[in-house]
Amino acid sequence: MKYSYYPGCTLKNKAQDLDMYARRAAVALGFELEEIPEWQCCGGVYPMGSDEIATKLSSVRALNYAKEHGQDLITLCSACHHVLKRVNDDMKNVADISDRANNYMGLDEPYKGETTVVHFLEVLRDRIGFDEIAKKVVNPLTGKKIGAYYGCLVLRPGKILEFDDPEDPKIMEDFIRALGAEPVIYPYRNECCGAYSSLKEGGVSQERTKLIFDSSEGFGADMLITACPLCMYNLNKSEADSKVPVYYFTELLAEALGVKEGNS
Amino acid sequence: MTKQEIEKKVELIREISGCDPYKCMKCGKCSGSCPAFNEMDVKPHQFASYIINGDIESLVNSKSLWKCLTCLACIERCPRNVQPGKLIDAARQLVERERGGDYLQAEDIPALLDEDVPQQLLVSAYRRYRR
Chain P
1 MKYSYYPGCT LKNKAQDLDM YARRAAVALG FELEEIPEWQ CCGGVYPMGS DEIATKLSSV
61 RALNYAKEHG QDLITLCSAC HHVLKRVNDD MKNVADISDR ANNYMGLDEP YKGETTVVHF
121 LEVLRDRIGF DEIAKKVVNP LTGKKIGAYY GCLVLRPGKI LEFDDPEDPK IMEDFIRALG
181 AEPVIYPYRN ECCGAYSSLK EGGVSQERTK LIFDSSEGFG ADMLITACPL CMYNLNKSEA
241 DSKVPVYYFT ELLAEALGVK EGNS
Chain A
1001 MTKQEIEKKV ELIREISGCD PYKCMKCGKC SGSCPAFNEM DVKPHQFASY IINGDIESLV
1061 NSKSLWKCLT CLACIERCPR NVQPGKLIDA ARQLVERERG GDYLQAEDIP ALLDEDVPQQ
1121 LLVSAYRRYR R
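Chains as they are written, first to last, in our numbering: chain P, 1 to 264; chain A, 1001 to 1131.
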């Protein structure tokens, strides 16, 4: 199966590992990531204002590209996924935004949210299947206790993201089990890391990441995984005493599949 | 602000947010969920009251505009679909859409960088802190 792939700006720069290991894992699992040429930055935060149109157009262009190529659109970064998924919902269900964006785009055929946006983890769960992945694991992560750190953007609002139960998700725990490790469920896994406040005001992200580390360590995690480069940054910058290593989920996937060193 | 100006701003907040502050029943789930609660001077469960009472002046001058992390917890958990995060976002937009309303200046960026800052952090801060 071939997907249109939207990597986003961070995966081309500070989060190259998130991208590289995903590409290697995709080859090992038999699906193809075809990067959308000339994709534009999603803007990082979904523009909530009902009259915000221009700020949604970069997403519409990517979504329409996937439509024109008859492919589902795959995302990896939590922020890109959030923005693209919500803009797609607007184009499908919010007539005012859809009409105005289409008036601006001037496409031969208006874009009405036809593209299916799927997060890489959803592909693993819904298209490949965690059972199938477990069969392809050559280096099981046996004995590792891993806490899934979901953060905010892939889960909320649950009715639009439709990723998992936003208050009690399990997709990343099932992912961890498929790799042969043991998931650690802890209360702060779907609470905010401090997000963009860390640029100007580090105090909030220090407070938040301390709670996340204390909570995960208290429940026995010896590492965390994330899909979000900003969560990764805030967690890495944390001065918490209870810090554990944080990995992109794709790195552990590539390791378990035996393709971490790029022999595929 | 004159009475007309206040009414116009209340209307704009309702339009931009698409939310109805009159539905708020003050259950406090939003404030209970908010990761930036301690940083805020006007608390999430108070946003609706400020709008209903026409105290737009206090709302647009509050620190809360810039403290919201867009974590969407209050939006997810609001049992009345008031969605305080959208209300404060609309108030923020009122400020940013006027000259001089930005909370982050481009020339401040170099001093805020370290070598690990992800692009996502910069674009997100730009989107939330300035027009």
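Rather than coming from a laboratory, the hints here were simulated on the basis of the structure. Keep in mind that the hints are not guaranteed to be accurate.
Okay, the calculated bits of chain A under chain P, using three or more residues with CB under 8 Å as the criterion [said to hold, decoys possible]:
id, stretch
1, 1009-1017
2, 1067-1074
3, 1120-1126
Just so it is clear, CB atoms sit at the ideal spot from N, CA and C, and this is done for glycine as well.
Here is how each hint holds up against the structure:
1. 1009-1017: n = 3 at 8 Å, threshold three: holds.
2. 1067-1074: With 6 residues in contact (Cβ-Cβ under 8 Å with chain P), the coverage given for the stretch 1067-1074 of chain A holds.
3. 1120-1126: holds (count 7)
Going down the numbered hints, you'll see the structure goes against none, and every one checks out.
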